[in-house]
Structures are given as C-alpha cells and as structure tokens.
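> Each chain is listed here by its residues.
Protein chains: 2
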Amino acid sequence: MVVVAACQIPAVIGSNDHGHLVAAVREAAARGAGLVVLPELAVCGYAFRTAAEARAAAQDLDGPTVTLLRALSRELGVVLVCGFAELGADGEVYNAAVLVEDGGVRLRYRKAHLWGREPEFFRAGDRSPTVVDTAVGRVSVMICYDLEFPEWVRLAAVAGADVLAVPANWPLDPRPAGERAIEVVKAQAAAGTNRVHVVVADRCGEERGVQWIGGSLVCADTGYLLTGPATTTGTPARPTVLTAELDPVTARDKSLGPHNNALHDRRLELYDPTT
Amino acid sequence: MVVVAACQIPAVIGSNDHGHLVAAVREAAARGAGLVVLPELAVCGYAFRTAAEARAAAQDLDGPTVTLLRALSRELGVVLVCGFAELGADGEVYNAAVLVEDGGVRLRYRKAHLWGREPEFFRAGDRSPTVVDTAVGRVSVMICYDLEFPEWVRLAAVAGADVLAVPANWPLDPRPAGERAIEVVKAQAAAGTNRVHVVVADRCGEERGVQWIGGSLVCADTGYLLTGPATTTGTPARPTVLTAELDPVTARDKSLGPHNNALHDRRLELYDPTT
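As you go down the protein sequences, you meet chains U and E in turn.
Under full-length UniProt numbering, the residue at position 170 of the first sequence is numbered 170, and the numbers go up by one with no gaps.
Under full-length UniProt numbering, the residue at position 27 of the second sequence is numbered 27, and the numbers go up by one with no gaps.
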C-alpha cells in the first residue's frame with residue numbers, strides 16, 4: 001500500500017515563490033506520502049497575458065523549480081510530480097510536468113491538449129503518455145485538459161500505468177447545486193473505465209480574476225473516490241493537502257467481474273481512428 | 001425542446017408479457033414525451049440460463065415486440081427505442097435494439113460489447129453506431145456495456161448524434177455509501193466529453209437472483225443530469241418513468257468555452273489505434 005497526496009496550492013504569477021510548494025510537499029511527506037502530486041504550472045501561475053510573460057516564467061530542467069523538486073525528492077524519499085513552464089532545448093515554451101524520484105528527473109511530459117488561450121503561450125506536446133516504474137508503482141503523467149480525452153487516458157492504461165498523476169488548473173464554472181464538477185466526474189470515469197488510480201492536484205487562489213474548482217482528488221481504480229474533491233461547493237478553492245492510501249498493483253488486474261476485462265473487451269477492429 | 005423519457009420496467013423471462021412496456025410507453029406519451037427509451041431485452045428478460053433459452057426468446061423484426069412498438073409509435077406519435085433478443089436473418093441471436101418512428105423501423109442496432117455470460121447466448125454486433133434523423137433530433141443507439149467504451153461513444157458523437165438512447169440492464173454491485181454507481185458516472189462523462197445528450201433506460205425487478213441498479217437517467221450534453229438516477233440507493237430498483245426536457249440541437253455545438261471544441265481538440269494523429 002502507498003499513501004498518495006494531492007497538494008492544492010496557490011501560485012502568484014511572477015513571484016517565483018516556492019514557499020507553498022515546499023510547505024505542501026513537507027506536509028504530505030510528514031503524513032507518509034510516497035507519491036506527491038502538485039498542480040499544473042504550480043509555481044509560475046497560469047493566467048498569463050502574453051507569450052512574453054509565459055516565456056519569462058519558463059525554465060529548463062536545470063531551472064530553480066526542477067532543481068528544488070529534485071532536492072526535496074531525495075531529502076524526503078518521495079516521488080514528486082509537478083507542473084511547470086518548460087523552456088525546451090528547441091527554444092519553445094511548453095506546459096510541462098516532471099516526475100522526480102531520488103534526486104533525479106525520471107520523466108518529463110508536455111501537455112498535448114491545450115486549453116483556452118494556452119496556444120498563445122505554449123507549444124503542444126506531441127508525445128503520448130509514458131509510464132515510469134517507481135518505488136510507488138508504475139506512474140504516468142498527464143496535465144489537466146489531457147485527462148478529458150478518453151483516448152489519451154487509454155494510452156496510459158495500455159502502457160501499463162498503475163497511477164495517473166495529473167497536475168491540473170481547473171477553472172471554476174457554474175454547475176448545478178450539489179453536483180460535482182464535470183471535471184471530477186470525468187476523472188472518476190477515466191479511472192473506472194481503465195482500472196487505473198487517478199490523483200489530481202488542482203490549483204487554488206484567485207489569479208487575475210480566475211477562480212479554480214479546487215477539485216483535487218484521489219480516485220481508486222474502481223472509479224470511486226478515496227478522497228476529495230477537496231472543494232465541494234462552487235466557492236473559490238482553498239489550499240489543502242489530501243492524502244489517501246491505495247494499492248497500485250490492483251490496477252494491473254483489468255478484470256470487471258469473472259467474464260470481462262476493461263482492456264480486452266475493446267473492439268479495436270471496429271474503432272476507426274481516422275474519424 | 002423535446003421531452004424524453006426513460007422507462008425503468010421489469011421483465012419476466014419466458015412470460016412474453018408486454019404489459020409493463022405498453023403501460024410505460026403510454027405514461028411517457030401522456031407526459032408529453034417525443035422520445036421514449038426502454039431497457040435492454042425489455043420484455044424477454046436478461047438472465048438466461050442456456051443458449052437454447054435465449055434463442056427461444058428471440059424474434060425477428062416481424063416478431064411481436066417490434067410489431068407492437070411500431071403500432072405504439074404510430075398511435076402515440078413517439079419515437080421508441082427498445083432492446084430485444086433478435087433472431088437475425090443469418091440464424092444468429094443478437095442482443096439488439098430498434099428505433100421505431102411513425103410505424104416503421106428506422107434503425108436496428110446490435111450490441112457490440114458483450115457483458116458477463118452474454119457470449120454464450122448472443123453473437124456480438126460488428127457495426128459501429130449510426131445516427132437516425134428523427135422528429136426529435138438525431139438519435140444514436142447503443143446498449144448497456146457499449147456505453148462504457150469511450151471509443152464507441154466517440155463514434156456516435158462524430159457520426160452526429162444529438163441524443164444517445166441507451167437501453168441497459170445494469171446489475172447491482174456494492175458501492176460506497178452515498179455514491180452514484182460508476183455506470184452513472186460513466187454515462188455523465190460520456191455526455192460531457194462528447195457534448196451529446198444521453199438517455200439510459202435501466203431495468204428493475206429481480207430476475208433469477210439478479211438485482212439491478214435502476215440507474216435510469218437523462219443527462220444533458222453538459223454532462224450534468226437532468227433527471228435520475230432513478231434509484232439512488234443500493235436497494236433493488238423500482239419501476240418508474242423518468243422524463244426531462246432538452247434541446248437536441250445544443251449537442252451540435254461542440255464548443256467548450258470560446259477557445260475549445262470537444263471534437264476538434266482531439267489529437268487524432270497521436271492516438272494509436274493498434275494498441
């Protein structure tokens with residue numbers, strides 16, 4: 001069994017302040033977390049006004065955010081997944097995330113499905129989700145809107161992910177009273193459809209007028225939530241560290257009862273990819 | 001705007017009793033429904049013991065169930081979608097559904113993803129969902145477990161469905177207290193992911209020891225429920241006719257805010273269909 005944590009923290013554009021990140025990671029580790037997920041663009045913020053502003057916030061894998069994550073992972077013995085603005089070796093700016101373990105970068109993922117004005121600021125990634133075999137199981141990473149594409153989640157599941165770690169910034173939209181945000185519902189369906197655990201770390205803290213759902217959650221491979229969504233009302237999200245215990249290995253059994261299997265039952269020959 | 005109905009009725013294997021079906025359809029029509037969805041294998045029942053029993057229950061498109069549906073559709077001026085055991089012209093038995101309008105069969109669909117022991121009783125369909133342009137909008141049909149394959153729902157959405165009519169028999173499994181059944185969550189995600197309205201007609205009435213969720217629902221193309229799930233507890237499902245009003249045409253706008261589109265944002269070139 002592994003304790004996983006979703007850290008719902010605020011970011012302030014331009015501040016480069018890692019205080020919330022460090023505090024949340026230390027709290028998660030103190031509560032026994034082996035896997036700690038942080039939001040999309042966790043430190044640099046999301047609501048950029050111009051491409052120049054996003055570029056100014058971007059850093060490479062030797063930059064301050066990833067360097068700090070590496071140090072924390074070694075010191076605390078935790079696997080960290082965190083979103084940041086990446087300045088690629090190709091000179092492009094990406095909405096990216098790293099998975100860091102034992103002081104090293106094990107995975108760098110670039111968001112492939114861009115939301116809102118992001119295409120003004122970021123180049124989209126063009127690599128499908130891969131899986132890293134870590135001390136806390138096989139982990140795959142995708143970012144926010146990526147999770148809303150069942151095709152993408154399926155690729156991660158087929159690649160063998162036990163846990164999907166999802167840095168997110170879910171903007172707050174109106175929804176019917178008493179209902180979970182549809183983003184939460186989609187995360188549950190993604191987990192249950194693929195028999196994969198899902199950890200979403202959402203943002204909090206108003207940013208240039210944007211409010212966030214604060215829907216951080218840990219969902220079992222059954223599709224049922226182990227904890228979260230952190231904020232269940234339609235009001236602005238609050239900082240919080242959610243933790244839950246799960247067994248990554250259960251995700252390797254794709255059985256649905258005695259006769260069915262979430263992956264084998266697909267009728268691949270009937271799914272036309274060109275439409 | 002169109003009133004749609006999901007009729008949650010019992011079936012008794014071997015009885016060939018259409019009483020519940022007729023009563024539910026008349027009630028739905030009396031409440032203004034233009035589209036009425038009935039369960040999977042609505043009259044003949046689900047829990048077959050042998051292939052011979054399923055074959056004995058099967059009928060062709062000139063059989064009593066479809067003939068009755070045709071008469072009701074003409075008399076009441078409603079579009080009906082109903083599951084039945086079909087004896088195909090090829091001599092095979094299928095878990096099928098028809099869409100009937102104005103006295104005629106407009107669509108015959110055969111379940112492609114078989115659940116549980118169904119492969120002992122039915123041959124799987126091998127045609128992807130098609131769309132029928134009806135008086136109540138463009139309707140596509142799939143059956144129960146089909147809905148749990150995002151690839152299948154995507155095909156229906158890409159084919160232009162406004163409304164997905166889903167005859168179902170959802171078996172009752174344990175779930176955490178206060179949680180919607182994962183089947184309901186998947187239906188909501190299917191709707192919201194594809195911006196398509198979803199109507200699920202589930203079964204009630206214990207059948208050879210099998211209980212049903214009774215999760216009949218109408219879900220808007222936002223992914224939020226308009227009505228249902230009919231039975232929210234884990235106790236056996238009760239008969240009911242759910243109705244809700246929706247505008248089929250809103251499903252033709254796949255926009256997600258000013259910058260995004262549920263279908264155009266797919267990265268088809270990155271989705272490898274062979275895995």
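Misleading hints may appear alongside valid ones.
Since the list can't tell identical chains apart, any single copy or any two copies may satisfy a pair.
As the list claims (entries may be wrong) - With a cut-off of at most 20 angstroms between alpha-carbon atoms, the simulated SDA-like pairs for lysine to any residue come out as follows:
{"id": "1", "residue 1": "Lys254", "residue 2": "Arg117"}
{"id": "2", "residue 1": "Lys254", "residue 2": "Glu53"}
{"id": "3", "residue 1": "Lys254", "residue 2": "Gly209"}
{"id": "4", "residue 1": "Lys254", "residue 2": "Glu151"}
{"id": "5", "residue 1": "Lys254", "residue 2": "Pro174"}
{"id": "6", "residue 1": "Lys254", "residue 2": "Val158"}
{"id": "7", "residue 1": "Lys254", "residue 2": "Pro119"}
{"id": "8", "residue 1": "Lys254", "residue 2": "Thr243"}
{"id": "9", "residue 1": "Lys254", "residue 2": "Gly116"}
{"id": "10", "residue 1": "Lys254", "residue 2": "Asp173"}
{"id": "11", "residue 1": "Lys254", "residue 2": "Asp133"}
{"id": "12", "residue 1": "Lys254", "residue 2": "Arg175"}
{"id": "13", "residue 1": "Lys254", "residue 2": "Pro171"}
{"id": "14", "residue 1": "Lys254", "residue 2": "Gly19"}
{"id": "15", "residue 1": "Lys254", "residue 2": "Arg106"}
{"id": "16", "residue 1": "Lys254", "residue 2": "Glu27"}
{"id": "17", "residue 1": "Lys254", "residue 2": "Pro236"}
{"id": "18", "residue 1": "Lys254", "residue 2": "Ala51"}
{"id": "19", "residue 1": "Lys254", "residue 2": "Ala89"}
{"id": "20", "residue 1": "Lys254", "residue 2": "Gly14"}
{"id": "21", "residue 1": "Lys254", "residue 2": "Pro64"}
{"id": "22", "residue 1": "Lys254", "residue 2": "Arg31"}
Keep in mind the hints are simulated off the structure, nothing from the lab.
> Which of the numbered hints are not met once you compare them with the structure shown?
Failing hints, ascending: 2, 3, 8, 14, 15, 16, 17, 18, 19, 20, 21, 22.
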